[in-house]
Structures are given as structure tokens and as C-alpha cells.
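Those sequence lines, one after another, are chains V and X. Numbering-wise, this note's numbering puts 451 at position 451 of the first sequence, and it's gapless, one number per residue. Numbering-wise, this note's numbering puts 82 at position 82 of the second sequence, and it's gapless, one number per residue.
Hints may be right or wrong, so weigh each one.
[Said to hold, decoys possible] List time: in silico DSS-like cross-link candidates among lysine-lysine, alpha-carbon distance up to 30 Å: (1) V/LYS565 with X/LYS110; (2) V/LYS264 with V/LYS182; (3) V/LYS362 with X/LYS110; (4) V/LYS420 with V/LYS431; (5) V/LYS406 with X/LYS110; (6) X/LYS110 with V/LYS431; (7) X/LYS110 with V/LYS360; (8) V/LYS377 with X/LYS110; (9) V/LYS671 with V/LYS689.
Treat the hints as calculated values from the structure; they're not laboratory data. Only a predicted model underlies this, so the values are computations on that prediction, with no experimental measurement involved.
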Amino acid sequence: MASDASSDSRLNFRFMAIAFISTLAIGAGGELALIAAFDRGLLETVVSILLFGSAMAVVCSVFWILARRLMLPLRAIASSMDAFSRGAPEDEAEGRLPADGPEEIACMAARIGEFMRQTRGWKAELEATVGSRTLELELRNALLRSIGSSDDDDQAYSAVLEAMMGTLGADSALVAFYDELKMLRAAFRADGETRHKHLEAAEAEALERAASGMSVDIRLPFQSCCAGFSATYRLEAQGEICGYIALGRRSAAFTAEERAILGKSFTSFSMQVRMRKRRTRELYIRREAERALRKSEERLRTFFSESKDMIYTSNGDDVIASINDAGLSLLGLADRFEALGRPFSNHVLSSEDRENFLSKIKERGYVVDYEYVFRRKDGSPVFCIETARAVKDEAGNVVEIQGIVKDISERIASERELWKANLELAEANEKLQTTKMLVVQQEKLASIGQLAAGVAHEINNPLGFLSSNQTTIGGFLKALRGAWNEAASGDPERLGEIAARYDLDFVLGELEAVLAESDEGFRRIIDIVQNLKSFARIDAAPTMSPYNLNEGIKSTLVVARNEIKYVADVELDMGELPSISALGGEVNQVFLNILVNAAQAIESQKRAVKGRILVSTRREKDRAVVVIADDGPGIPEDIKLKVFDPFFTTKEPGKGTGLGLAVSYDIVVRKHGGSLSVADSPFGGALFKIELPIASVDSQESAS
Amino acid sequence: MNEIPAALEERIAASADRLGELAVAVRGSDSPPGLCLSLSGSLDGNNSHMFRELAEAALGAARGGDALILDLAGLEYISSTGVGAFTTLLAEARRRETYLFVRGIQERVKAVFDILGFSEFFSFLEADEPGKP
Numbered sequence: 001m002a003s004d005a006s007s008d009s010r011l012n013f014r015f016m017a018i019a020f021i022s023t024l025a026i027g028a029g030g031e032l033a034l035i036a037a038f039d040r041g042l043l044e045t046v047v048s049i050l051l052f053g054s055a056m057a058v059v060c061s062v063f064w065i066l067a068r069r070l071m072l073p074l075r076a077i078a079s080s081m082d083a084f085s086r087g088a089p090e091d092e093a094e095g096r097l098p099a100d101g102p103e104e105i106a107c108m109a110a111r112i113g114e115f116m117r118q119t120r121g122w123k124a125e126l127e128a129t130v131g132s133r134t135l136e137l138e139l140r141n142a143l144l145r146s147i148g149s150s151d152d153d154d155q156a157y158s159a160v161l162e163a164m165m166g167t168l169g170a171d172s173a174l175v176a177f178y179d180e181l182k183m184l185r186a187a188f189r190a191d192g193e194t195r196h197k198h199l200e201a202a203e204a205e206a207l208e209r210a211a212s213g214m215s216v217d218i219r220l221p222f223q224s225c226c227a228g229f230s231a232t233y234r235l236e237a238q239g240e241i242c243g244y245i246a247l248g249r250r251s252a253a254f255t256a257e258e259r260a261i262l263g264k265s266f267t268s269f270s271m272q273v274r275m276r277k278r279r280t281r282e283l284y285i286r287r288e289a290e291r292a293l294r295k296s297e298e299r300l301r302t303f304f305s306e307s308k309d310m311i312y313t314s315n316g317d318d319v320i321a322s323i324n325d326a327g328l329s330l331l332g333l334a335d336r337f338e339a340l341g342r343p344f345s346n347h348v349l350s351s352e353d354r355e356n357f358l359s360k361i362k363e364r365g366y367v368v369d370y371e372y373v374f375r376r377k378d379g380s381p382v383f384c385i386e387t388a389r390a391v392k393d394e395a396g397n398v399v400e401i402q403g404i405v406k407d408i409s410e411r412i413a414s415e416r417e418l419w420k421a422n423l424e425l426a427e428a429n430e431k432l433q434t435t436k437m438l439v440v441q442q443e444k445l446a447s448i449g450q451l452a453a454g455v456a457h458e459i460n461n462p463l464g465f466l467s468s469n470q471t472t473i474g475g476f477l478k479a480l481r482g483a484w485n486e487a488a489s490g491d492p493e494r495l496g497e498i499a500a501r502y503d504l505d506f507v508l509g510e511l512e513a514v515l516a517e518s519d520e521g522f523r524r525i526i527d528i529v530q531n532l533k534s535f536a537r538i539d540a541a542p543t544m545s546p547y548n549l550n551e552g553i554k555s556t557l558v559v560a561r562n563e564i565k566y567v568a569d570v571e572l573d574m575g576e577l578p579s580i581s582a583l584g585g586e587v588n589q590v591f592l593n594i595l596v597n598a599a600q601a602i603e604s605q606k607r608a609v610k611g612r613i614l615v616s617t618r619r620e621k622d623r624a625v626v627v628i629a630d631d632g633p634g635i636p637e638d639i640k641l642k643v644f645d646p647f648f649t650t651k652e653p654g655k656g657t658g659l660g661l662a663v664s665y666d667i668v669v670r671k672h673g674g675s676l677s678v679a680d681s682p683f684g685g686a687l688f689k690i691e692l693p694i695a696s697v698d699s700q701e702s703a704s
Numbered sequence: 001m002n003e004i005p006a007a008l009e010e011r012i013a014a015s016a017d018r019l020g021e022l023a024v025a026v027r028g029s030d031s032p033p034g035l036c037l038s039l040s041g042s043l044d045g046n047n048s049h050m051f052r053e054l055a056e057a058a059l060g061a062a063r064g065g066d067a068l069i070l071d072l073a074g075l076e077y078i079s080s081t082g083v084g085a086f087t088t089l090l091a092e093a094r095r096r097e098t099y100l101f102v103r104g105i106q107e108r109v110k111a112v113f114d115i116l117g118f119s120e121f122f123s124f125l126e127a128d129e130p131g132k133p
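The shape of chain V in the complex, shown without the other chains (with noise of 0.2 Å):
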């Protein structure tokens, strides 16, 4: 104001100053105009002069007057707007500025202070998008230069804690952001302390609600130790969720200003965010790569040095490049150098097998399970086997073989007894038939001699009246030798005279029917030693032949006749059977072993009548069965188990083997394919079942 006053009294002083130069100027005007007026007349020039003098004075006046009511006001606003230039308040700029004053001033007043509060809120406005703008961007540059101060995502957060509370004077901060293994890390600070956890499932649905605008009904565990938050943001770049921040502040709720700007700068910091956890997830897994790269190369250093197989490689000459100690052990070597740049073939028995090998990795490009026998340094074998590849250049070459060898002695060991054993076993099978055939052989010598007194009883029979009637037959002789010399010394005619005195039709009739019946005994004596031969044959080489079963049967009996006749009646029940392929001699040798097993047994009884056996044939599908059945004691349970056992028998010392029915079963089921059963007879003894296949000799054969 007092430089306002200042300004009036110089203007003032100024229009006074204009006054009375302007009176001198007239007065001056007025001396000459009396000075010419002498020149002229007088009075008339002092009266013109004092007119003159007179109107320059009003008119002055009046420009005085005019010139102070026009120059005061326009004094106000020049003062104004130096005030508002220099940036006076309102009042003191705006405050000036004349409300009176001439129209064209006042409204020219009213349009600069209209201008200057506009230009005022104009000032405001920039002041204030400045502002805001300057913050954005110290938060951007603080939260770039943050995220990126370290490696370590932990390191990088903090720093980005700081910079967030540094800049928006935050009391507490959170930054959330998925770690390598894209787990929700949060790196947190409250108090002036940092902290760092993984968090919960709740945890990241409740910052998610919380950046939503949500209300979240959890206490975060990390809110704890701060007041809370006021403001939370979802991280997100290109529709991927990259994290959260949230940010709270004791003094000042975030202004909707604030709260715009750092949108604005969490949505570039987003993607800054994404970049990072991109990276940081690349180099996690390149990392890990590494690791696992690091692990492989010393996993196959391990593998290789300390594997218990021989792993080498040789160049395509088949020279030794690397060896592991595995190698030199199995080799008998003690220096790696006696085997490096050496041939591979110098280990091996044969070379031809070495070559062999090598001819089938070039031509497959790998050999699988190659067994070989290696030779040691002090020339032992050694039984190996190998699974090899070959590394091939462009044009096909093979320029590395790769290879590992397995030492198999111990398992060729094994293997080669076993192989042993089952030729060993092979072989005593071979001696264990010869001597069950020179058993069946005894057994059937056993039975034999056990017939031999029977036989020579039924021979006996026929014998004695073949003896007599040899002697018959002498005595006609004789007396037909008589005739005949009486007949040839004397008369012809007398021939029937001495035909009736020696009774000659008579004799002749006689002689005829002695020799009939001498012939029956013979053919019995025939039949018998035939049977006895027959069943007595030695199957020196046993082959299969057609065998007619119903024959095979009687011809037995006939055999066993003696054995059965005076204790048992034998019943023959036989159906009609084909031929079937068979080893008749030990076929008959079964039935045998079983008809005079059932004749002992009823002969033990020491009963008064005569037992009975009963033997029936009949087919069964493809199979030829033969029951015998007995009235004897029978066969208790608990023995019908062993009946068939090697050396097992109830027959008291010396009438009995035990090896008869157990070699009538190998005869019935190994050698034919059938079946030996035993079980009680319908008549209270015992019954035997015998099944034979029938079938054709070529089948025979393979079976047996």
C-alpha cells in the first residue's frame, strides 16, 4: 500500500509538474507575444496575450483534471499486475485493480482480474499435475531402480518396500510376487522391520478380495504387525496375475490423487514384475538345469569310475580309449596304459568273435547281450557279455564304439552245473531203465519160477498118459510084429485066423486113438511152452506193436492156470476190443502179476470153496479197459495208497518182490499212456482196473 501512495503523489506530481510548465509555456508564449506586440500595438498584443495566456491555462487545467482521473486508475493496475506478477495473494493483487474509474478502465480492470484469477487456477492446476506427476514418476524411478537392485527376489522386494514407503510415506508396505516355483512369496515391512513368508491360500484370496475393493473377512497374518492397509492393488500384465502391493499410512488416508497415481504406477510396475518373475523363473530353471547337469556329469563320473561292469570306449580301429577300474579288473590288468591305445581284440579269446561283433555294430549301430569270452592278462577265460553302440560321422564311419561288458562267470557257473546235472540226470535215467528192465527181467524170472512147478504139473498131466500110451502103443506093436511074422511064415489063407487070434481090428482101432490122444497131450505140451515163451520173452528193445488184449488175457491164464485152478474159477467176460499199439510181453506180464496176486489172496484165506475171479474187457471211448475183480479178502484203506510202491508187499518173506504191481503201474501208465487204479470188487475183494489208450502206432511212438 505504501508503495501504492508512493506511486499516486509521483503521478501527482508528475500532472503538477506538466501544469506549470505548461503555464510557463504560456507565460513565455504570452512575454513574446508581447514583445512582438510592440512591434504591432501594444495592447492589443497584451490583450491577445492574456486571452492566449488565459485559455492555455484552462485548457491545461482541464487536461490536468483529465489527465489525473484517467492515469489513476490505469496507476491501479499497473500496480495490480506487478503484484500479480510477482505472485501476490489474491487479495493483494487482484485486490487492487480499480472498481471505479472510467468504463473502457473498468471493464478493462474487470477482464485482467477475471484473467489473473483464471490464470490463477491455471497456476493451481499445473502446480498440482506437476506434482502428482513428479510423484509418479519419483515412485516409477524408485520402484524400477528397486526390483532391479538384486538377484535375489527376497533383496529386490525389500528394496522395493523401501522405495514404495519412502516415497508415499507409508507406514507399512506388502509386496506379493510368485517366487521360481510360482509359489505367492510376500516381502513385508511394518516398524521398521522386513519380513519374507510364502503365503497361504486364505492369504492370496484375501489380497486378491482386498485388491477387488472387496472386504476381506481374515486377518493377514502380516497385518499383525502394522495397522493394516488402506490401499491394495493387484499386480497384473497382459491378463497374467503377476502379484499384489498394499500399502497402508498412520497420518493420511491416500488421496483419490495418490491412490491414481500409484495405479498408474503399479500398472507399468506390473509388468516390470512379470519381466522379473519371467526371469527369475528362467534362471531357476536354468539353475536347475545346471544342477541337474552338474548331478548328470557326476552321476555318470560315479556311473562310470565306480560302476562294478566294464565300461570302455575305442575308436573305429577298435582301439582302447578310456577303460573304467571295472575294465581293468575284469581284464587282470593293473596299469590303465595296458590297455589304452591297445587293440580291444588283444582281450579276447577268439578275435573272430571280436570281428563278428564289430561287423554287427557297423552294420546295426549297436549290439545287445554280445557274449564272448575275454581273456585275462594271465591268460584265464573269462565269460562276459556285452551291450555296446557305435557313434557314426556324417558319412556313415563309426569313429567310437561304446560299450559295457558284464562279467557272467559266475552265472555261466551256475548254469553250467545245472546243464550238468540234467545230463548227469539224463544218464542215470539211462542206467536207472537198464536196471528196471533187468528188474521187470527178475520179476519175471520171480514169476516164472514161481509158475515152473505149476507148468511142469500141467505138462506133467499130458506127459503121463502120452508115457502110457507110448507103452500101449509098444505092446500092439509088439503084437503086431507078431502077427505080422506068424502071417509072413505061414499060410496066407490063415491071415484071418490069425487077424481074429490077435484081435488086429481092435488093436488097429486102439492104436488110432491112443495116437489121437498123444497127439492132444503134444499140442498141450506145445500150447503151454509156446504160452510160457511167449510170456517169458525178454523185450531186449521194447517196441510197440498191435495187440490183441482178449488174447493177450488168455494166453496169461493159460500161463497162470496152475496158480489159479485149485483155488479160484475164473469167469471171462470179454468185449469186443480192436487191436491196440502196445508192449504185449509187459502187458501180459500185468495181467499176470494181478490174477496170481488174486489167487494168493483167496488161497490165504484157506477157505473150503473155491474162490472166483472175474475178468472183463470192454472199450471206453478211446481207451481199452480190463477189470479184475476177486471175492478175497480185499484191500484195507489205509494200503491201497501203497499198493503201487516200489518194494511194498503184504505176502509173507519170499513170496513176494513187492515190485510186481509197481512195475505193472510203470508198465500200464509211463510206457502206454494209461491207467492203474485199484478199488474194492462188487464181490467183497479186490478189483483191479486197467485202462490202455487206443490209439494208432505212429502216436505210440511219440508218446513213448
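Based on these hints, arrange chain X on the given structure of chain V.
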């Protein structure tokens, strides 16, 4: 010359693929009388089992008193499994009371029999040597 069972020939022909690197052919033999299986190539773990089956079929086809002759002149490689197949076959031949001869074996193949200690079990014939069962 012994007659070759058609079924055996067919079976050998049908097994060619499964025998891999081993080729098997059958022919009759006069001396010793019987059937002769000619082997060529490699007998190893991959084809030993198949070979054994064929050889056992040949054993089954041999008539009583006839022999089975294994002509190994063309066999260039044998593994221990192959020798194992031979021993199993020999045991089977003994069980069937059929003679088994090995003819014309190459030295390196025989060496495997020697190292394994099975040479003494087999009757080896030279390539042109008649067998005497």
C-alpha cells in the same frame, strides 16, 4: 537216405523268422542213419530256445534206432545259452534213447564247449566222418 517228415520241414520253414541270425535246414542221413539238422550263422540267447524246440521235434521225428546229427559246419558263433540248448537236447536224446552226434564243428565254436567243460559229453564227428551208433 532217411525220409524227412514233412511236418518237421514245415515247422523249420515256419520258424525261419524267429530263428533270427540262425539258419536251420533238415536232411536225411545215411551214416549214421537218421536225421541231420544243419546250422549256420549265430546261435545265441535270442534263438536258442527256438532252436531247441526244433531239434526236439527232430528228435521226436527220428525213428527208433535212428540218430539225430547236428551239422555245425556253418555255425560261426555260439553263446553259452546255445551250448546250454545243446546240453538240454542231449539230455532229451538220452531220455528218448536216441543217438545225438555233432558234426563238422568249427574250432572257435568247439572252444566254447571246451571252456564250459561239455565237450566230453558230446560225440563229435569230423565233417566227412561216418557215425557209428
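Comparing the hints with the structure gives:
1. A distance of roughly 66 Å separates the Cα atoms of V/LYS565 and X/LYS110; the hinted pair therefore is violated under the 30 Å criterion.
2. A C-alpha spacing of about 25 Å is found between V/LYS264 and V/LYS182, which places the hinted pair at or below 30 Å, so the restraint holds.
3. With a C-alpha separation of about 26 Å, the suggested pair V/LYS362 and X/LYS110 falls inside the 30 Å cut-off, and the hint holds.
4. For the given pair, V/LYS420 sits about 16 Å from V/LYS431 by alpha-carbon distance, which is consistent with the 30 Å threshold.
5. About 23 Å separates the Cα atoms of V/LYS406 and X/LYS110, which keeps this hinted pair within 30 Å; it holds.
6. Straight-line distance between C-alpha atoms of X/LYS110 and V/LYS431 comes to about 28 Å, which keeps the hinted pair within the 30 Å bound.
7. Proposed proximity of X/LYS110 and V/LYS360 is supported: the alpha carbons are some 22 Å apart, at most 30 Å.
8. The straight-line distance between the Cα atoms of V/LYS377 and X/LYS110 is roughly 22 Å, inside the 30 Å bound, and the hint therefore holds.
9. For the hint pairing V/LYS671 with V/LYS689, the CA-to-CA distance comes to about 17 Å; that is within 30 Å, so the pair holds.
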